[in-house]
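2 protein chains.
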Amino acid sequence: MSEEKRCWLDPEDVTPRKGSIYPAPFDAPVAGREKRALGDALGLTQFGVNLVTLPPGAWSSQRHWHANEDEFVYVVEGEVTLVTDAGEQILGPGMAAGFPAGRPDGHHLINRTKTPVIYLEVGTRAAVEQAQYSDIDMKARKDGGTFVFTHKNGDPYP
Amino acid sequence: MSEEKRCWLDPEDVTPRKGSIYPAPFDAPVAGREKRALGDALGLTQFGVNLVTLPPGAWSSQRHWHANEDEFVYVVEGEVTLVTDAGEQILGPGMAAGFPAGRPDGHHLINRTKTPVIYLEVGTRAAVEQAQYSDIDMKARKDGGTFVFTHKNGDPYP
Chain R
1 MSEEKRCWLD PEDVTPRKGS IYPAPFDAPV AGREKRALGD ALGLTQFGVN LVTLPPGAWS
61 SQRHWHANED EFVYVVEGEV TLVTDAGEQI LGPGMAAGFP AGRPDGHHLI NRTKTPVIYL
121 EVGTRAAVEQ AQYSDIDMKA RKDGGTFVFT HKNGDPYP
Chain V
1001 MSEEKRCWLD PEDVTPRKGS IYPAPFDAPV AGREKRALGD ALGLTQFGVN LVTLPPGAWS
1061 SQRHWHANED EFVYVVEGEV TLVTDAGEQI LGPGMAAGFP AGRPDGHHLI NRTKTPVIYL
1121 EVGTRAAVEQ AQYSDIDMKA RKDGGTFVFT HKNGDPYP
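Chains as they are written, first to last, in our numbering: chain R, 1 to 158; chain V, 1001 to 1158.
Simulated from the structure, these hints should not be mistaken for laboratory data. Being a predicted model, the structure only gives us computed values, none of them experimental. One or more of the hints may lead you astray.
Unchecked claim - Label pairs and their calculated CB-CB ranges:
#1 V:1027 with R:113: 42 to 48 Å
#2 V:1136 with R:87: 40 to 46 Å
#3 V:1010 with R:55: 24 to 30 Å
#4 V:1090 with R:151: 26 to 32 Å
#5 V:1010 with R:126: 27 to 33 Å
#6 V:1023 with R:105: 55 to 61 Å
#7 R:156 with V:1137: 17 to 23 Å
#8 R:77 with V:1153: 32 to 38 Å
#9 V:1153 with R:85: 50 to 56 Å
#10 R:116 with V:1045: 44 to 50 Å
#11 V:1089 with R:153: 48 to 54 Å
Yeah, the Cβ is synthetic: ideal placement off N, Cα and C, and Gly gets one too.
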């Protein structure tokens, strides 16, 4: 079977990408995060699926919510702290979380333990999208390309 | 936090639905399959996420492919046999598979072991969809509602 048509994989064979594209200093808490883009590797385009490893202390992202894209998380290994407007909740292996598009409740995951956390994340791929950040002066917008990050008033980051 | 806005869950708390809506006799190999609709329980609408248990001998579905919906599978527990036009491939815990919309290669999963298999499946929710079945005289179509199954020539099943 040609590589192009292979429909299965072992995530170990997918090269992870590390860190984030946030402007400094917002990239720092996310710097240790590693994402393996399983969906892309399998040729999927309608939603993204990443296998994410958070080393001790790392965050999944800055706390945010999406206007147009549903998001889903399934914990594979370790215990991770989910932070939302409602507070904190520890999610262990086999537990799941979901964030419907447009629900204005910022969320992110933090590894407060001493061992790595591994989780699967799924998100719809909308061509046009906005993300709002709950705790920092940042917002993001994409319009067919990649996200552009600005201050909340629209001023660009350097 | 109200039940409506809870954004996390333990799949153990989601009631599974058993079996399939295929016409007989095509429902028989799938009769033991249990699906927990995690995405629905979390309020997601753009894609479905199910945690599926296949007891020994059970199939995920009849072998099929979708015209409009991407599909993704991640094995949580056990070893499952993936069947496609290319043959058979065993997928163990942590392995993944993906089936891009419109790729005409029918696929399904069979538990040929003596212990349950558990996997996560993700599929886009298209309003209009067609499914083609590789090994049997059946096709399916939905147009805003649920799937309707017919013979390949369009004649209804009783």
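### Query
Of the hints stated earlier, which fail here?
The structure conflicts with hints 2, 4, 6, 7, 8, 10, although it agrees with all the remaining ones.
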